[in-house]
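K.L.:
Guided by the hints, dock chains R, X, D, U and W onto chain F, whose structure is given.
Number of protein chains: 6
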Amino acid sequence: MKYGARNQLQGKITSIKKGDVMCQVKLEIPSDSTMNSVMTVESLEDLGIKEGDNVKVIVKAINVLLVKE
Amino acid sequence: MKYGARNQLQGKITSIKKGDVMCQVKLEIPSDSTMNSVMTVESLEDLGIKEGDNVKVIVKAINVLLVKE
Amino acid sequence: MKYGARNQLQGKITSIKKGDVMCQVKLEIPSDSTMNSVMTVESLEDLGIKEGDNVKVIVKAINVLLVKE
Amino acid sequence: MKYGARNQLQGKITSIKKGDVMCQVKLEIPSDSTMNSVMTVESLEDLGIKEGDNVKVIVKAINVLLVKE
Amino acid sequence: MKYGARNQLQGKITSIKKGDVMCQVKLEIPSDSTMNSVMTVESLEDLGIKEGDNVKVIVKAINVLLVKE
Amino acid sequence: MKYGARNQLQGKITSIKKGDVMCQVKLEIPSDSTMNSVMTVESLEDLGIKEGDNVKVIVKAINVLLVKE
Chain F
4 MKYGARNQLQ
14 GKITSIKKGD
24 VMCQVKLEIP
34 SDSTMNSVMT
44 VESLEDLGIK
54 EGDNVKVIVK
64 AINVLLVKE
Chain R
4 MKYGARNQLQ
14 GKITSIKKGD
24 VMCQVKLEIP
34 SDSTMNSVMT
44 VESLEDLGIK
54 EGDNVKVIVK
64 AINVLLVKE
Chain X
4 MKYGARNQLQ
14 GKITSIKKGD
24 VMCQVKLEIP
34 SDSTMNSVMT
44 VESLEDLGIK
54 EGDNVKVIVK
64 AINVLLVKE
Chain D
4 MKYGARNQLQ
14 GKITSIKKGD
24 VMCQVKLEIP
34 SDSTMNSVMT
44 VESLEDLGIK
54 EGDNVKVIVK
64 AINVLLVKE
Chain U
4 MKYGARNQLQ
14 GKITSIKKGD
24 VMCQVKLEIP
34 SDSTMNSVMT
44 VESLEDLGIK
54 EGDNVKVIVK
64 AINVLLVKE
Chain W
4 MKYGARNQLQ
14 GKITSIKKGD
24 VMCQVKLEIP
34 SDSTMNSVMT
44 VESLEDLGIK
54 EGDNVKVIVK
64 AINVLLVKE
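Chains as they are written, first to last, in our numbering: chain F, 4 to 72; chain R, 4 to 72; chain X, 4 to 72; chain D, 4 to 72; chain U, 4 to 72; chain W, 4 to 72.
Honestly, the hints are just simulated from the structure, not real lab data.
Mixed in with the good hints there might be a few duds.
It does not matter which identical chain is used: a pair holds within one copy or between any two.
Unchecked claim - Below 25 Å or equal to it, Euclidean Cα-Cα: the simulated SDA-like pairs (lysine to any residue) are:
no., residue 1, residue 2
1, Lys20, Asp56
2, Lys15, Asp56
3, Lys29, Gln11
4, Lys5, Gly22
5, Lys29, Thr17
6, Lys20, Glu31
7, Lys29, Ile52
Just chain F, with the same shape it has in the complex (with noise of 0.2 Å):
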């Protein structure tokens, strides 16, 4: 399994806020750092995920802003 995308981590499920259309899912990834995702609540669904499940958190890079405070 290969993702044409250069972020790629591993996340545990901490949470899931489920709303009409759209839903937030709270992950931890590696050193306790925090990550959200948002999807479709049919996303959801269909990804069958709970709290505890691990996950691939797939992100592309242009999607990364950086900031130089």
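P.N.:
The following block gives chains R, X, D, U and W in isolation, referenced to the frame of chain F:
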């Protein structure tokens, strides 16, 4: 300084590859994971970043894809 | 403060519509144009913004679509 | 002609920088602000645009990041 | 009418699911494949589309992820 | 294998154009339509794909723009 995005990590730049229009920046985030950002060369020059610099890494949650392998 | 994005405008918030997971923020940019941002309600609360506030509006150039009518 | 996107501005092309695969187009929008679009060179050629042309500038609201400085 | 995007398909709307802020539109593209678009409810109302209508489906190539299974 | 995205098509690679940082991959999807994906050259090399290979084409619904002509 507050960002309207759910994913905010600290990164340290490990390499920069410049193309004609676009460039690719590699970063190390906590726990030795690697991330990548693609932006215009012009944005890179405005940022004024180089290897070893610390930057904020921002990703909107909608751009995070989850995969259940 | 430097952003790795080619589009950076100043905006003033004119209205906020909160949904269950996502929200929509309307902004006025110079010359009376209107822009909109969609984010999670959680991001909105972290930003702590309200009508009348000034914010920076950031868009990566890759997300700008040109159409020749 | 109707677009399913919340951000629609009028722009006038001020410069085009062509790379091997991608290109960067600079635009002037009302009140002398500058915007940028990145697309494939192939898309640029299909658009058939050049400096001085007027184009529609479309951005989905989800791709607009707000920052409170 | 020319679009600065590499992916342009014809779609016919098969269903619309409206939420509070966002909505999800299902489309049939040639050869009975299904596609989905998520936008704000406000964009949907501006588009003025309903089941059975034909629309143009536009996706910038950068937003297309390839996976080798 | 499950993806948290509403658009999942099967594609066959018809050509690859490599630039310095980015590359463009053309695909044929069912019913002779053409699609394109842009990614980093590095991602292409990791994928290890070539003309004639079959790949999964993934697009999040939020990145699909509808236009009513």
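K.L.:
Give a verdict on every hint.
P.N.:
Verification of the hints:
no., hint, result
1, Lys20 <-> Asp56, "within (15 Å within a copy, 28 Å between copies)"
2, Lys15 <-> Asp56, "within (6 Å within a copy, 29 Å between copies)"
3, Lys29 <-> Gln11, "both (16 Å within a copy, 13 Å between copies)"
4, Lys5 <-> Gly22, "between (31 Å within a copy, 21 Å between copies)"
5, Lys29 <-> Thr17, "within (6 Å within a copy, 28 Å between copies)"
6, Lys20 <-> Glu31, "within (15 Å within a copy, 29 Å between copies)"
7, Lys29 <-> Ile52, "both (12 Å within a copy, 23 Å between copies)"
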